[in-house]
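*Asks:* As a plain string of letters, each chain reads:
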Amino acid sequence: MSAFIEVKNVWQTYGDQVVLENLNISVAEGEFCTLVGTSGCGKSTFLRLLLGQEVPSKGQILLGGKQLVGEPDSSRGVVFQRYSVFPHLSVLNNVALGLELPRAPLFGRLFGQAKRDAREQAAELLKKVGLGHALDKYPTQLSGGMQQRLAIAQALIMQPRVLLLDEPFGALDPGIRKDMHELLLELWRETKLTVFMVTHDLSEGFTLGTRLMVFDKVRHDPHAPNAYGARITYDIPLNPDRRATRAAVEALPAHVTGSLHAVYQGA
Amino acid sequence: MRLINRHPDGAGRLLLILLPFALLLFAYFTGSAARLADNPNDKLLPSAVQMSDAVKRMAFTEDKRSGGYLLWQDTASSLQRLGMGLGIAAIVGLCLGIAAGTLPLFNAPLSPLLTVLSMVPPLAILPILFIVFGLGELSKVMLIVIGITPVLARDLEQRAREIPPELLIKAQTLGASTWTLILRVILPQLLPRLLIALRLVLGSAWLFLIAAEAIASTDGLGYRVFLVRRYMAMDVILPYVAWITLLAWLMDLGLKRLTQLAFPWYEGAKA
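Protein chains in written order, with UniProt numbering: chain W, 1 to 267; chain H, 1 to 271.
It is possible that some hints are incorrect.
[Unchecked claim] A few chain H residues that don't get close to chain W, going by computed Cβ distances all over 12 Å: (1) 36; (2) 51; (3) 55; (4) 68; (5) 105; (6) 163; (7) 170; (8) 171; (9) 188; (10) 244; (11) 246; (12) 255.
[Stated by the list, open to error] Covered stretches of chain W (in silico footprint by chain H; criterion: 3 or more residues with CB under 8 Å from a CB of chain H, positions within the stretch not fixed): (13) 71 to 84; (14) 93 to 103.
Quick caveat, the hints were computed from the structure, so don't treat them as lab data. C-beta: ideal position from N, C-alpha, C; glycine also.
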């Protein structure tokens with residue numbers, strides 16, 4: 001598999017503070033990368049770089065061979081730990097918004113048949129993530145786990161090539177977290193998504209990922225704690241069975257795999 | 001039980017709400033009766049009968065000179081000025097607040113300017129308004145607009161900045177441009193806050209309205225109150241003040257209900 005995302009010699013510094021130093025990795029399309037490390041070691045910073053929320057101080061990031069756009073756009077979906085969904089929109093409209101915004105540059109909303117189609121497509125996806133019963137509710141009426149399901153559905157309606165997750169299940173109960181893992185893996189299997197997920201939970205990182213990256217500082221200067229940044233100290237391939245399945249699916253001809261994505265095309 | 005843990009029950013609560021009002025009325029009418037017993041021609045604290053006579057005269061009897069009913073004419077012209085002032089201020093304040101609170105390029109020139117402008121005492125520039133806009137309706141409406149727009153704009157700017165940056169990023173990943181992001185995310189989240197800000201500036205708006213009417217006008221609630229002051233007509237002034245208070249309270253209540261009705265998501269989202 002060729003490199004889908006290439007990180008070349010990337011440094012991120014804020015004034016004197018070096019957060020990331022000399023990152024060099026390449027990730028194939030369809031990998032599920034989990035990023036772990038201590039607090040403040042730069043894994044979330046790395047995610048923000050991939051998102052385009054920040055621009056690297058040095059080096060470059062290539063997405064599909066092209067320089068990454070320096071601001072968030074619809075090629076990369078994101079789910080944060082909190083504030084991922086819009087409180088003023090119903091569950092259905094939260095997801096339909098992603099279909100309306102790109103197609104309605106003037107009003108930001110669709111009308112008539114186009115609107116009905118968008119809502120139908122959004123409802124389809126919401127049923128899939130287990131929110132079919134709550135289409136007309138507002139996000140604040142949902143539990144934390146349901147809100148994150150909504151946030152994932154909202155990101156996936158755009159059919160992004162990359163999904164970035166910043167501790168998405170950090171605030172959830174262990175039981176709910178397990179359900180969410182199943183949902184996420186199911187969605188990952190059905191799409192060609194490349195996932196980057198920041199997590200504090202090491203076992204979560206091992207269970208979900210096909211590749212685990214550990215961020216840590218290799219050099220320390222006790223007199224200048226900010227002088228050195230973190231690197232990726234371990235880069236471990238995981239869950240070889242899922243990697244193999246994914247590779248086999250990729251090898252199939254397109255007319256077979258195409259049907260797997262049908263639900264996202266609003267079947 | 002400690003005082004902090006004692007809660008009034010339903011009937012007790014209602015009683016406690018009404019009690020201070022009842023006490024105020026009682027104090028007034030006791031004082032009024034005492035003064036009138038001393039001197040039946042006393043004008044300072046008119047009795048309930050004198051005031052209801054005045055209300056009959058102002059509200060339900062045709063004025064001999066103009067042929068209209070004064071209270072209703074005054075009310076209509078005052079509310080028209082107030083409504084126009086509040087409406088214009090709300091729209092301008094919303095636009096300025098969104099621009100300054102959302103777009104960093106607009107924040108730099110706008111935010112310090114709004115801070116300085118909100119410090120200008122509006123009543124001090126009332127003479128300028130009369131000179132520039134004349135003594136007609138425009139200068140009175142402009143006083144309200146100038147008085148409350150900076151306050152609204154600064155409040156909404158602050159509220160716009162409180163919208164979590166995650167939401168703005170999320171909207172961009174959903175394909176929003178700056179314009180559609182403002183239209184579909186910022187604006188709907190700020191509208192309930194605009195209504196709340198309007199409730200808070202309602203008092204100032206009435207103050208500016210009455211000040212402008214007192215100085216240069218031929219009708220309006222503020223004009224009437226200041227006109228009859230010459231005859232020490234407390235029997236007219238007091239019902240007028242009560243009527244203005246009632247109107248302001250109803251407007252406040254209306255805005256509150258409107259917020260609840262139009263933005264049912266808002267109460268839950270504040271937490």
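*Asks:* Give a verdict on every hint.
*Replies:* Verification of the hints:
1. 36: holds (58 Å)
2. 51: holds (47 Å)
3. 55: holds (45 Å)
4. 68: Since the minimum Cβ distance to chain W is about 46 Å, residue 68 (chain H) lies beyond 12 Å and the statement holds.
5. 105: About 14 Å separates residue 105 (chain H) from the closest Cβ of chain W, which puts it past 12 Å; holds.
6. 163: violated (9 Å)
7. 170: The claim is violated: residue 170 (chain H) sits with its nearest Cβ about 6 Å from chain W, within 12 Å.
8. 171: Non-interface label fails for residue 171 (chain H): nearest chain W Cβ at 7 Å, not farther than 12 Å.
9. 188: violated (5 Å)
10. 244: With a cut-off of 12 Å, residue 244 (chain H) remains clear of chain W, as the shortest Cβ separation is near 35 Å.
11. 246: holds (33 Å)
12. 255: holds (18 Å)
13. 71 to 84: With 11 residues close enough to chain H, the hint holds.
14. 93 to 103: Holds, because 5 residues of the stretch 93 to 103 of chain W bring their Cβ atoms closer than 8 Å to Cβ atoms of chain H.
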